[in-house]
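Here the structure of chain A is known, so what remains is to put chains B and C in place on it, guided by the hints.
Chain residues, written in single-letter form:
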Amino acid sequence: MIRPGKMLKAVLQSLFKKPNTLNYPAEKSPMPDKFRGKLLFHPGKCIGCKLCMRDCPANAINIVKVGDRNFEAQIDLGKCIYCGQCVDSCLKKALEMTKEFELASLERGKLKVVYHADNKESPAK
Amino acid sequence: MLIALFNILIFPGFIFLTLFGWIAEYIDRKLCARLQNRMGPPWFQPFADFVKLVSKEEIIPEEANPTMFKLMPVLALTATVTAFFYIPLWGKSALFAFNGDLIVVLYLLTIPTLTYFLGGWYSTSLYSKIGAVRSLTQLFAYEVPLLLSILAPALLANTWSLSEMAAFYGTHHWYWLFNLLGFAISIIALLGKLEKVPFDIPEAETEIVAGTFTEYSGRLLGLFRLSIDIEAIVGSALLAAVFMPFGLGLPPVVGFALFILKVLFIICLLSILRTVFARLRIDQMMTFCWKYVSPFAFLQLLINLVLKGIIVK
Amino acid sequence: MHKVIIPVGPQHPALKEPENFMITLSGEKILKFSARLGYNHRGIEKACEERTYIQDVYLTERICGICSHSHSTCFVQAVEEIAALEVPKRALYIRTLVAELERVHSHLLWLGVAGHEVGFDTLLMYTWRDREVVMDILAMLTGNRVNYGINTIGGVRRDITPEQSKEVAKATNTLEERTKYYIQIATKETTLIKRLSGVGVLSHDDAIRLGAVGPTARASSVDRDVRRDDPYAAYGELKFKVITDNHNDVYGRTLVRMGELMESYSMIRQLLKNMPEGPIAVKAPRKIPAGEAVSRYEAPRGEDVHYVKSNGSEKPERVKVRAPTLANIQTVAKMLEDRQLADLPIVIAAIDPCFSCTDRLTVIKEAGVRKNKVMSWEDLHDYSIGWYRERGIDFAGLNKKLTRMLK
Numbered sequence: 001m002i003r004p005g006k007m008l009k010a011v012l013q014s015l016f017k018k019p020n021t022l023n024y025p026a027e028k029s030p031m032p033d034k035f036r037g038k039l040l041f042h043p044g045k046c047i048g049c050k051l052c053m054r055d056c057p058a059n060a061i062n063i064v065k066v067g068d069r070n071f072e073a074q075i076d077l078g079k080c081i082y083c084g085q086c087v088d089s090c091l092k093k094a095l096e097m098t099k100e101f102e103l104a105s106l107e108r109g110k111l112k113v114v115y116h117a118d119n120k121e122s123p124a125k
Numbered sequence: 001m002l003i004a005l006f007n008i009l010i011f012p013g014f015i016f017l018t019l020f021g022w023i024a025e026y027i028d029r030k031l032c033a034r035l036q037n038r039m040g041p042p043w044f045q046p047f048a049d050f051v052k053l054v055s056k057e058e059i060i061p062e063e064a065n066p067t068m069f070k071l072m073p074v075l076a077l078t079a080t081v082t083a084f085f086y087i088p089l090w091g092k093s094a095l096f097a098f099n100g101d102l103i104v105v106l107y108l109l110t111i112p113t114l115t116y117f118l119g120g121w122y123s124t125s126l127y128s129k130i131g132a133v134r135s136l137t138q139l140f141a142y143e144v145p146l147l148l149s150i151l152a153p154a155l156l157a158n159t160w161s162l163s164e165m166a167a168f169y170g171t172h173h174w175y176w177l178f179n180l181l182g183f184a185i186s187i188i189a190l191l192g193k194l195e196k197v198p199f200d201i202p203e204a205e206t207e208i209v210a211g212t213f214t215e216y217s218g219r220l221l222g223l224f225r226l227s228i229d230i231e232a233i234v235g236s237a238l239l240a241a242v243f244m245p246f247g248l249g250l251p252p253v254v255g256f257a258l259f260i261l262k263v264l265f266i267i268c269l270l271s272i273l274r275t276v277f278a279r280l281r282i283d284q285m286m287t288f289c290w291k292y293v294s295p296f297a298f299l300q301l302l303i304n305l306v307l308k309g310i311i312v313k
Numbered sequence: 001m002h003k004v005i006i007p008v009g010p011q012h013p014a015l016k017e018p019e020n021f022m023i024t025l026s027g028e029k030i031l032k033f034s035a036r037l038g039y040n041h042r043g044i045e046k047a048c049e050e051r052t053y054i055q056d057v058y059l060t061e062r063i064c065g066i067c068s069h070s071h072s073t074c075f076v077q078a079v080e081e082i083a084a085l086e087v088p089k090r091a092l093y094i095r096t097l098v099a100e101l102e103r104v105h106s107h108l109l110w111l112g113v114a115g116h117e118v119g120f121d122t123l124l125m126y127t128w129r130d131r132e133v134v135m136d137i138l139a140m141l142t143g144n145r146v147n148y149g150i151n152t153i154g155g156v157r158r159d160i161t162p163e164q165s166k167e168v169a170k171a172t173n174t175l176e177e178r179t180k181y182y183i184q185i186a187t188k189e190t191t192l193i194k195r196l197s198g199v200g201v202l203s204h205d206d207a208i209r210l211g212a213v214g215p216t217a218r219a220s221s222v223d224r225d226v227r228r229d230d231p232y233a234a235y236g237e238l239k240f241k242v243i244t245d246n247h248n249d250v251y252g253r254t255l256v257r258m259g260e261l262m263e264s265y266s267m268i269r270q271l272l273k274n275m276p277e278g279p280i281a282v283k284a285p286r287k288i289p290a291g292e293a294v295s296r297y298e299a300p301r302g303e304d305v306h307y308v309k310s311n312g313s314e315k316p317e318r319v320k321v322r323a324p325t326l327a328n329i330q331t332v333a334k335m336l337e338d339r340q341l342a343d344l345p346i347v348i349a350a351i352d353p354c355f356s357c358t359d360r361l362t363v364i365k366e367a368g369v370r371k372n373k374v375m376s377w378e379d380l381h382d383y384s385i386g387w388y389r390e391r392g393i394d395f396a397g398l399n400k401k402l403t404r405m406l407k
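Listed in order, the protein sequences are those of chains A, B and C.
So the first sequence is numbered by the numbering used here: it starts at 1 and just counts up by one.
So the second sequence is numbered by the numbering used here: it starts at 1 and just counts up by one.
So the third sequence is numbered by the numbering used here: it starts at 1 and just counts up by one.
Bound conformation, chain A alone:
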């Protein structure tokens, strides 16, 4: 039967339900496993083949040789589209995606991340 106020019952029922929304910055919903978040680079595994640079659709990753068999990765989080193609392309599993997704920043400099060969991470100069 067509009648006005068809949703009334469900609407009144939800008065007694917990809100479905989260108070976001205070509460966070968990990300699924294998979520494509911020890139992580393992310098020890990298052999400098630069396949990731070649396949990156956004030119967000740059592998630089800093010494003998030592490579560091410069990743521009502002350019990265989090597709994960570099992880697929990497032959040695030197790249990995983390669950970290809150990457917005007020400073452009903080979006450029350098993974140094000694396994330390820092914003680019």
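The hints are all genuine.
Counterexamples of contact, computed for chain B against chain C with all Cβ distances above 12 Å:
1) LEU2
2) LEU5
3) PHE44
4) ASN65
5) MET68
6) LEU71
7) THR78
8) PHE98
9) ALA154
10) PHE168
11) TRP174
12) TRP176
13) LEU177
14) LEU180
15) VAL253
16) ILE311
Think about it this way: if two alpha-carbon atoms lie no more than 25 Å apart in a straight line, the pair counts; the simulated BS3-like pairs of lysine-lysine are:
17) LYS17(A) with LYS170(C)
18) LYS166(C) with LYS34(A)
19) LYS17(A) with LYS180(C)
Okay, the calculated bits of chain B under chain C, using three or more residues with CB under 8 Å as the criterion:
20) 32-42
21) 198-204
22) 281-291
Just so you know, the hints here were simulated from the structure itself, not pulled from any lab data.
In this text, a Cβ means the ideal position worked out from N, Cα and C, and glycines have one as well.
Leaving out everything else, chains B and C in the frame of chain A:
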């Protein structure tokens, strides 16, 4: 003199109405959010919104008439606050009363709609103009049922004064039950008056941005928002006084609490109604009000006429 | 009231993307409707030519936010056809599964948007709340909520585990139950029906003449669906009905979309049940042999067409995208004939427009000028300065003022 000033500015005047208006807005928004399975705003949100608006820059369109543009929010606010003085809150008489104050209250409650029209018209934006015309068109649809449905209880009480009506229903305890149909009709009309879904046609966001208020900003918008909040209170208080005249002989504190409860009941009813409907089109609203709501208002009037002949001698 | 022309867009609450519609009104009545596309032109086809095939998969995915899987599958299918790759069956099944889940999320989103356009915000809140279920499922399967990145040339990138398929089945049950409720609401709530039925009428003949696609066409009883007429991926092995409706209006389009949701749930169940074992991808060459292909795909909004031409190198020579909205946008003018302003948002929303999909190359024809001319960067620059100067805004002066203020 001092007491009059206190009455106008603090209680039951401007300050009280402002605070109550904010509380009512919060309850409306929170309830609406919970009905929609959301969290809703924190308790100070209406106040925070007001402070934000007041502290912001006022932008007046180049083409607009500055005097009218600035005058309208103030006029809307004044009219709604003034209307409140004639409504009996608790006990059997209002602050000011004379025979015919019912008509004055209804007239004062029409002024905000007129200010929306003039404010929208003088801001010269196309969206505002369409919103302005719509709010005036809508006025003709809901004003008649509202007037008729409030006329019916007045007819039964044989008076044009709200205070005398309260006195009548105070002595004839269960007579208000005869007016339930009128109460339903006036709730529908009040939805139209407050421009809430399903009758938020004059400010339909997806069609004409914000209607009348498209060009308003800063302090002026803040005043408009405040006057809408207060209009909701005054409208609900009027309905509470006319259709729920029970418990009037109670001591002031209990009576006051009962009055607050009555008003909040109507506010809650309005916010439940605005969650379960889609917005109607202006032609559908006209048809609905003239074809269904007005005849029922006439029916209520007829019932009360007959009742008056039979019971109330 | 005399005639007024009001702009709807590029910035307007009814539109979620920038696009401009000029509406000539007489009172509330719409006399004339004209659409101006091109605000979202991103040069994505040209960008595809500058990148390798594997990079283009992710680029085409970003043509549209909602039907991202549609565009990337459509592109990948064309490339696979040129390269004559035999895609494993399991990969096709996973592709189809994600495609149907995407349809579910797109149609639920549409119902919410439709509710919002007619001022029924509660419907918006409820549908979007339930849409989170399918979004979570997609995030779990693919690693992201919107740009799934599940496709690669020659297959898919991620396999689906038995636990995951159980989760999907569970979510499908929840969604089916909720969808049944929304069908109840859409067919029983008076105010909603009043706003939907009889609005935006597009007759069967007009739908065919104007080339409408997808639910817009199917609601005018045009029995046309690429999934059945030209099966791709795993659709050839699935049993499903093509939902059509003869209401011809927005109400009919709602019914078609709701019906398609129910079909999608049945398809998801079939896919999970019959998922074959095997590899999920074949190795694709970096250089695709010379050739060309056209690929068709039934996106949630209608038929999506990609044309890819390769020249034997790593990069395609030409990529052409025809998004469903481009086919549907002409019908809006027809639907709005003699309607009211209040119907405009819901009629535009009823074709489920996606303007960033649609905006490709724009050619603006000046009246009386026969030859098209190409404007260079400098021409455009001068044109814009001149445009503002005509209206009394001098940027040179403003610039000086700004520099003074900054000092």
